[in-house]
Amino acid sequence: MAQIKSLADLKALKNSIHEKMDTRVKGNKDGLVQVKVAMATCGIAAGAKTIFNYIMEQADKKGLEIVLSQTGCMGYCHAEPTIEVTLPGKEPIVFGHVDKAKADEIMDKYIKNGELVEGIIPVNYNTIDK
Amino acid sequence: MAKYKMHVLVCGGTGCTASHSHEITDNLKAVLRDKGLEEDIQVILTGCFGFCEKGPIVKIMPDNTFYTEVKPEDAKEIVEEHIIKGRKVTRLLYTDPEKKEHVSDSKHMGFYKKQLRIALRNCGFIDPENIEEYIANDGYAAVAKCLTEYTPAQVIDEIKLSGLRGRGGGGFPTGMKWEIASKNHADQKYVVCNADEGDPGAFMDRSILEGDPHSVIEAMTINGYAIGATKGLIYIRAEYPLAIHRLQIAIKQAREYGLLGKNIFGTDFDFDIELRYGAGAFVCGEETALIHSMEGKRGEPTFKPPFPAQSGYLQKPTNVNNVETYANVPIIILKGANWFNKIGTEKSKGTKVFALAGQINNVGLIEVPMGITLREIIYEIGGGIKNGRQFKAVQTGGPSGGCLTEKHLDTPIDYDNLIAAGSMMGSGGMVVMDETSCMVAIAKFYLEFTCEESCGKCSPCRIGNKRMLEILERITKGQGCMEDLENLKNLATVIKDTALCGLGQTSPNPVLSTMNNFWDEYVEHVKDKKCRAGACKSLMQYVIDPNLCVGCTSCARNCPVNAIQGEKKTPHVINAEICIKCGTCIEKCKFNAISIK
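These protein sequence lines map, in sequence, to chains A and B. Note that our numbering has the first sequence beginning at 1, numbered continuously upward. Note that our numbering has the second sequence beginning at 1001, numbered continuously upward.
If you are wondering where the hints come from, they were derived from the structure by calculation, not from laboratory data. Mixed in with the good hints there might be a few duds.
Said to hold, decoys possible - With the Cβ distance kept under 10 angstroms, some of the chain B side facing chain A (calculated, not the full set):
id : residue
1  : L1009
2  : E1081
3  : I1126
4  : D1138
5  : A1144
6  : F1172
7  : M1176
8  : K1183
9  : G1261
10 : F1269
11 : N1490
What the hints assert, rightly or not - Capping the alpha-carbon separation at 20 angstroms, the derived lysine to any residue pairs in SDA-like fashion look like this:
id : chain 1 : residue 1 : chain 2 : residue 2
12 : B       : K1113     : A       : K100
13 : A       : K26       : B       : V1573
14 : B       : K1100     : B       : K1085
15 : A       : K26       : B       : K1113
16 : B       : K1107     : B       : I1118
17 : B       : K1003     : A       : H97
18 : B       : K1005     : A       : T86
19 : B       : K1054     : B       : G1110
20 : B       : K1588     : B       : V1573
21 : B       : K1581     : B       : P1546
22 : B       : K1085     : A       : C73
23 : A       : K5        : B       : Y1112
What you are looking at is a predicted structure, and each value in this text was computed from that prediction instead of being measured. Even glycine gets a Cβ: it sits at the ideal position worked out from N, Cα and C.
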């Protein structure tokens, strides 16, 4: 182990560990964009895992601070993979048929600027909590 | 390396460890390995989450899912359901006691909503045995800032401006303490961390050392730089093996990374830390006794002055601070004194960690801003009194403190208000009591503790407390007289005024405060020979109601001392002289014929 001999050393080490802790640190923060990927059997079969990994990679590259988590079946089996995006203080919006291009579009437009994009599945249910 | 998609945090505090949290971790890792997920999911053993009532705790990030009372065999279900299929394991979620609903994540739990975790910021969040996780969360950035940007005097000014006061009980301003030590010149000075946590029920220092040991190491280094000391000592009780183990790992890692030792951060500042083990004597939490114990002498206090800042360990200037005080220091340096001094009340800044115990639903460790009310702590964070009973009192400050009652429920809690209410902050134990607690018996309990822990050096404490205890024993046995109450009060006042150290001077507090708040109960014990709480055994009488007793002989057959007489099918009678009041007869009677009078 190289010893830490300056502030720069400490910062370099901190940055190198950043990746390892990132998911946890973001989960702990308030007010971040929440992105949930439906990862039930049909979602995974339709490519949800690939999309999950893609969003994880790309969000960092685009400098977006998001909390990315997986969730169970959302019920939109006709439109898998589906992702739900919640901007702070706003109602969640569900996007269907998300491929890599769509994921990019959602990140670049909706998450970055709040601009709506095609592919929204209208809310047709009530939730029991809140 | 790729990012982990999920983090599974398992509580590795002493309480959860005792409930097999290590096995839970092993099982989780094994299942993840079986499923080929070890690259995607990280399992970490952390420090205490504070919610000890429902341990062991498993928290999943980033969604903050909070699983309670997890068993090792639940690991498979957590992985298969939550981690693979994204479905929460509902039966393991926390259930809100009032709404009877499952709470999906910790951000929606009443227990956490009102908390502000500064000293406990990393507890339950990072792996305490991995220095890199601490560094990733701004660890050692504060000491770097001090060494490279601040002069020692500037560090002291920052701590003074923050308004931080000692969290071990007395509440002495930390910055002022550092300043005094910095002004005394010597060839060698010492920084000492007081980890001799001894109040019954208090375990915040242990939890910090178990969950975030590096924060204390970093703060001691800052302290050393500020006062010009190159040696640090942590006085920790040997009863804290897990805390000691984690401290040893942390010190070793800090040395390997060059964060302890010579030329820290490339400057000419050297600092290193050693551990000193205490044998678990309460008086050794008093700083002069602590220093004597570290020197290998008897753990007895000496008169102040000289203060340790003038002549402490090996007669050198020594600064002693408590664990929780230290845990606040790095974040004050990083976020600035003006961030810290906006939290809390006018004279008590920041937060305080309390150990909630007793007749309360959510037993555990909480950290709240100064100025919060008892009502908020007990009813909102603590979830109210157990079994729907009535709140009677809360004991704060341990054997040095006193009781707060219903009339104090809305008093903002800080150092000065607690003293005004006849109690004290102490190290932060909070024992909540309901109507089944006898206040005379509580006072007796704490006095038994101080009698046991008195070092015996000064007579007021050694003899006076013993006499007080004898009086209390008489009263709880129904042999007290009104004169006893007068004597008790007089003795208490004399001991307070004349004892040598903090232990003796504060030992009568539980008696005085219960007498002030519950005088009626004392009088009842003496005059009516009654204990309304039903806690003083000698004052209880077990009586069989002849109208309800059918003479089934069940009680007589089960009485361990044969105190119950009577013919079959005729009402039985309890001989009060033989009865040991064990309660077996009440348990065995199917006709509710036996009651306590």
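Structure-based check of all given hints:
no.: 1; hint: L1009; result: holds, 8 angstroms
no.: 2; hint: E1081; result: holds, 9 angstroms
no.: 3; hint: I1126; result: holds, 8 angstroms
no.: 4; hint: D1138; result: holds, 8 angstroms
no.: 5; hint: A1144; result: holds, 5 angstroms
no.: 6; hint: F1172; result: violated, 32 angstroms
no.: 7; hint: M1176; result: violated, 29 angstroms
no.: 8; hint: K1183; result: violated, 29 angstroms
no.: 9; hint: G1261; result: holds, 8 angstroms
no.: 10; hint: F1269; result: violated, 12 angstroms
no.: 11; hint: N1490; result: violated, 55 angstroms
no.: 12; hint: B/K1113 to A/K100; result: violated, 38 angstroms
no.: 13; hint: A/K26 to B/V1573; result: violated, 69 angstroms
no.: 14; hint: B/K1100 to B/K1085; result: violated, 26 angstroms
no.: 15; hint: A/K26 to B/K1113; result: holds, 18 angstroms
no.: 16; hint: B/K1107 to B/I1118; result: holds, 16 angstroms
no.: 17; hint: B/K1003 to A/H97; result: violated, 25 angstroms
no.: 18; hint: B/K1005 to A/T86; result: holds, 19 angstroms
no.: 19; hint: B/K1054 to B/G1110; result: holds, 14 angstroms
no.: 20; hint: B/K1588 to B/V1573; result: holds, 15 angstroms
no.: 21; hint: B/K1581 to B/P1546; result: holds, 19 angstroms
no.: 22; hint: B/K1085 to A/C73; result: holds, 8 angstroms
no.: 23; hint: A/K5 to B/Y1112; result: violated, 39 angstroms
Violated hints, in rising order: 6, 7, 8, 10, 11, 12, 13, 14, 17 and 23; the structure is consistent with all others.
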